[in-house]
Amino acid sequence: MQAFTKLTGIAAPLPKANVDTDQIIPARFLKSISRSGFGKHLFANFRFMEDGSENPDFVLNQEPYRKAEVLIAFENFGCGSSREHAPWALLDFGIRCVIAPDFADIFHNNSFKNGVLPVRLPKEVCAQLMEDAKMGPNARITVDLEREVVVRPNGEEIPFKIDPLRRHLLLNGLDDIGQTMQHAPAIDSFEAKQKASQPWLYA
Amino acid sequence: MPPEDAAPRTMFEKIWDRHRVLERPDGQVLLYVDRHLIHDGSEPAFDMLRRRGLKPRAPDRIFGVPDHYVPTDTRETAAIPDPARRFMVETLERNSAEHGFQLFGLKDEGQGIVHVIGPEQGLTQPGLLMVCPDSHTSTHGALGALAFGIGMTEVTHVLATQTLWQRKPATMRITVEGDLGAGVTAKDVILHIIATIGAAGAAGHVIEYAGSAIRGLSMEGRLTLCNMSIEAGGRAGMVTPDETTFAYLAGRPYAPKGAEWDRAVERWRALATDAGARFDREVTIDAAAIAPTVTWGNSPQDAVAADGQVPDPTQEEDAERRAAMQDTFAYMGLTPGMPVEELRIDRVFIGSCTNGRIEDLRAAAAIARGRRVAEGVTAWVVPGSAPVKRQAEAEGLDRIFTEAGFDWREAGCSMCLGTNGEIAAPGERVAATTNRNFRGRQGPGVRTHLMSPAMAAAAAVTGHITDVRRMTGG
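Chains as they are written, first to last, in our numbering: chain A, 55 to 257; chain B, 3 to 476.
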């Protein structure tokens, strides 16, 4: 997994609540086992017209947001499916961070596992950042995971909190498997006890 | 395990405690996974596993089934026309052969949608911790299991270690008291709940459904209820196991047998939430207030009674919500304040892990019997599993459907999400027994309305959304 330490980039405003995984990456595009290549289908039902041409009204089809690395949205971002293709599509497009008042649980989990940082900030702060984002190419914001702050274009710092373990893994580009393997004896012990108390699960 | 004199615990807390392998100082808990269900979209996890030079730790805990990518007009893998989709099904078969886990393959008599076959086979049992790379894994909570969806990276972690790191979620009890009215099903109950608490109303929580109306539901109704916990934002949904649960499980292939059955039932009875246990949030719903329900928008929370009207965005005070509603109205082709029964239907889809069980098909067939699918409507019935299909055929339900003009198909996820290519055409309005009415989910430009199987059958034969009570004298 690619580490996330500090990012300074263009932020795209998406003033919508309940942005679901079918919006992020429609199911008809989930036909590859690779994690790459999904970026071209990100928000496909909004980015493209029925004839396949670009929808000029959609934010990611506008300059400078074609190169957005941060997405700012409203509450319950990523609701719906557990498909990990949602963070894969964001990442493949170039978006490394999503800022919203809150996230659907599974999407929130999946994002951390893929080097996409979901930052929870109050709705009024998200609205403020969206206004900043409308400044176009000057709307570069910094997301600093090490210091746990978002820095607005005017220099104001907004603190956020990330679970310490997740922060550590993301800062270092690590996954859980290696550290869990160190607990193999505890897992063995659990299984032995369970086998004794619920043998029917092992039949 | 906590001492006997510990504080009263909820059912969720008991199951959580029983599966705790260890806890880190920061509150992250390593949980043991009893059942790992996988489907034909799981190859990326096996690919990640291979790249790390690892093998599944406990193949006997893995149960696979092709459902997402399979066509519902054939059972031949070789006949799947799209090579990319065929590859998904074939790799699941290959992974099963390589690693030795149980596969309910395309021609297996147990094949079906993963969340239908789990309970049906007796794989789902009270007190188990179950995961699957599908958000509707919450379905299995209907039997008193703690079950939730995970992503592919977490699937890899479970394959490698049979465990998962989780932070303990909050708890929520939704109590539905009283008697359900005529024509009101579990689907209407959960749509009403979501409309009441919102699509993020249970975010960060595990829901326990309680109350006389819930206890009165059949096992299949409870499965429908728990299935859509995720649409309320919940991490999982659960119902206390009781005599209904035990009667449902008895004799199923993977259920305990003989003396072990008695031991298991004794253990399962102890799962019930203790008197005095505290929930982080409590919601109470009056069963009598629930009507047959239908969605009008692009979120399951956008729901009204079948004899009601769609709202008027201009009456919405919040500007952001008003703009979102206007956008939805444009997409869905709605007029403010119009009766939902005026909405004409192009397609009907009866099936899915929400409503593809035998009881669902019986309810739909009761409406379809002796009637005809309306002119210009295409109607499909897709059983949730091969056993459901066989049972329906044994009961003659297939003939009722086909004589009425419905298409009777093979088991799979099908039009619920269309990963297998079975989608509607742009602009078509679909009456669906599925779980999500998200924009474009059933195809670009498709307008989806969620409802119960009986309501969907009523829409099929009348050609428009119809309050099922008009057809049953309710």
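Any given hint could turn out to be false.
To be verified - Calculated pairs, BS3-like style, for lysine-lysine (alpha carbon to alpha carbon, straight line, at most 27 Å):
id, chain 1, residue 1, chain 2, residue 2
1, A, K121, B, K109
2, A, K85, B, K259
3, A, K188, A, K249
4, A, K188, A, K247
5, A, K247, A, K70
6, A, K60, A, K121
7, A, K85, A, K60
8, A, K60, A, K249
9, A, K60, A, K247
10, A, K247, B, K109
11, A, K85, A, K177
12, A, K215, A, K188
13, A, K249, B, K109
14, A, K215, A, K70
15, A, K247, B, K170
16, A, K70, B, K259
17, A, K177, B, K57
18, A, K215, A, K249
19, A, K215, B, K57
20, B, K109, A, K85
21, A, K215, A, K247
22, A, K177, A, K188
23, B, K170, A, K188
As the list claims (entries may be wrong) - Covered stretches of chain A (chain B as the covering partner; in silico rule of three or more C-beta atoms under 8 Å from a C-beta of chain B):
id, region
24, 209 to 220
25, 244 to 250
What the hints assert, rightly or not - Just some of the chain B residues that point at chain A, by a computed CB distance under 7 Å:
id, residue
26, V31
27, G153
28, T316
29, R411
Read the hints as simulated data drawn from the structure, not as lab findings.
The C-beta atom is built at its ideal place from N, Cα and C for all residues, glycine as well.
Results for each hint:
1. A:K121 with B:K109: Violated, at roughly 47 Å.
2. A:K85 with B:K259: Given pair K85 (chain A), K259 (chain B) is violated - Cα atoms ~41 Å apart, limit 27 Å.
3. A:K188 with A:K249: Measuring from Cα to Cα gives roughly 59 Å; hence the hint is violated.
4. A:K188 with A:K247: Distance ~58 Å between K188 (chain A) and K247 (chain A) Cα, so the pair is violated.
5. A:K247 with A:K70: violated, 49 Å
6. A:K60 with A:K121: Between K60 (chain A) and K121 (chain A) the Cα gap is close to 17 Å, so the pair holds against 27 Å.
7. A:K85 with A:K60: violated, 33 Å
8. A:K60 with A:K249: Violated, at roughly 47 Å.
9. A:K60 with A:K247: violated, 45 Å
10. A:K247 with B:K109: Given pair K247 (chain A), K109 (chain B) is violated - Cα atoms ~37 Å apart, limit 27 Å.
11. A:K85 with A:K177: violated, 35 Å
12. A:K215 with A:K188: This hinted pair holds, its Cα atoms lying about 25 Å apart.
13. A:K249 with B:K109: Violated. K249 (chain A) to K109 (chain B) sits at ~32 Å, over the 27 Å cutoff.
14. A:K215 with A:K70: holds, 23 Å
15. A:K247 with B:K170: holds, 23 Å
16. A:K70 with B:K259: Violated, because 52 Å separates the two Cα atoms, which is more than 27 Å.
17. A:K177 with B:K57: violated, 44 Å
18. A:K215 with A:K249: violated, 40 Å
19. A:K215 with B:K57: violated, 36 Å
20. B:K109 with A:K85: Given that 27 Å is the threshold and the Cα spacing comes to 22 Å, the pair holds.
21. A:K215 with A:K247: violated, 38 Å
22. A:K177 with A:K188: With a Cα-Cα distance of about 17 Å, the restraint between K177 (chain A) and K188 (chain A) holds, given a limit of 27 Å.
23. B:K170 with A:K188: Answer violated: K170 (chain B) to K188 (chain A) is near 38 Å, above 27 Å.
24. 209 to 220: Contact hint for the region 209 to 220 of chain A vs chain B: holds, 3 residues under 8 Å.
25. 244 to 250: holds (count 3)
26. V31: violated, 11 Å
27. G153: G153 (chain B) check passes; min Cβ-Cβ to chain A is 4 Å, inside 7 Å.
28. T316: violated, 19 Å
29. R411: violated, 19 Å
When each numbered hint is compared with the structure, violations occur for hints 1, 2, 3, 4, 5, 7, 8, 9, 10, 11, 13, 16, 17, 18, 19, 21, 23, 26, 28, 29.
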